[in-house]
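First to last, the protein sequences are chains A and B.
Per the numbering used here, the first sequence runs over residues 1 to 297.
Per the numbering used here, the second sequence runs over residues 1001 to 1120.
In case anyone wonders, no lab produced these hints; they're calculated from the structure.
Don't take each hint at face value.
Footprint (simulated), chain B over chain A, 3 or more residues, beta carbon under 8 Å [claimed, not checked]:
| # | segment |
| --- | --- |
| 1 | 114-127 |
| 2 | 159-165 |
| 3 | 206-220 |
Ideal Cβ positions, reconstructed from N, Cα and C, are used throughout, including at glycine.
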Amino acid sequence: MRQSIDRREFLKLAGLGGAVFASGLAGGAKFAGAAQDDFYFVQLSDTHWGFNGPVVNPDAGGTLPKAVAAVNSLEFEPDFIVFTGDLTHTTDDPKERRRRLAEFRDIVKGLKNKNVRFMPGEHDAALDNGQAWKEFFGASYYSFDHKGVHFIAVDNVSDPAARIGSEQLAWLKSDLATQAADARIVVFTHRPLFDLYPQWDWATRDGAQAIELLMPHKNVTVFYGHIHQEHHQMTGHIAHHSAKSLIFPLPAPGSQPKRAPILWDPAQPYKGLGFRGVDAEVQKAEYEITEYPVKKA
Amino acid sequence: MKLERRRLLAAGIVTAAGAVFGAGLAQAKERVIRVTARKFVFLPREIQLKKGVPVVLEFVTADVVMGFNAPDFNVRADIIPGKVSRLRLVPDKTGTFVFLCDIFCGDGHEGMSGQIHVVA
């Protein structure tokens, strides 16, 4: 608790304090669960290791190492770190895919905090149904508990058709059955579970079924990636927050005819890239999101 | 599922590939547009249609499994090498609408899209 308060004080003093998002129907209701320490975790997403496109990111080989250094230099150490997919950029060559996954793994070994969780994105997993990704990082969907919050990682990318699939949905149903109606639940996934903008493939084909399973739970928050920008949206009482990328930003949904990367601006290098810290205030089911740049200005 | 199907029928759209061709002479006269999918383009990229006039889209590919999805009309089809997929579409609105590949098919998948232009 002490560290969390110190961190929040620090964020305020440093002018870094982020937006606070209440989870679902909490509304100040007393949490039936045991009193828990608040904590914070770091989310990184869409690092696309192996991407080559100098016009879009002339420092494609340096951005991830810089992000690792930036996480290591945070004033307070997070409880854990999560990568929400597209660790690597896609390739048709299975050997090259494994080489990129290995290089990514070796770079993130440089993180001081060793409690790191991984998820696949379609670039990592869609062309071989997650086979190579699993060789490096294990199960592509799973759940774990941390200080009173139940975290669930949902894989909506190993199927190239962007389906979670009946098997995983059955698992999700049984996993949620272990949780009380007021449990603090955080979902990590890669694609948006809702139809954010299907015209740009920003959706999950059977995501509505996952949301339907989550709906009976009052306090659900989803953190995802895929769209290479910060975005906040509610589906009913469920909050969805997408993260920035660490390779190139994408335009706002539907803001232009084509979903093309935003070009690198030499005057403002790394603009639109970054990672986030999420301060979880468990009792209130609130999440304060603080966005960090890859490189301090 | 029933609700969704009713919604699609109300919009004048039948998504079941193949269902079109067992259904009588009137539909045999419908215009057929063949669309070839290959990494990472649809040919043609632009499809011109008339509002209320049914068409049958025929999809083929020689590459890998791909998808055709026109979200504004709630229609999609798998495109499978060696097979012809068919989709009947009755546009119920005018304008320009995106279609895209919705099955990840490689580096370039994200740019694999086209446009349907519907006129009155």
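Which of the stated hints cannot be reconciled with the structure, identified by number in ascending sequence? 3
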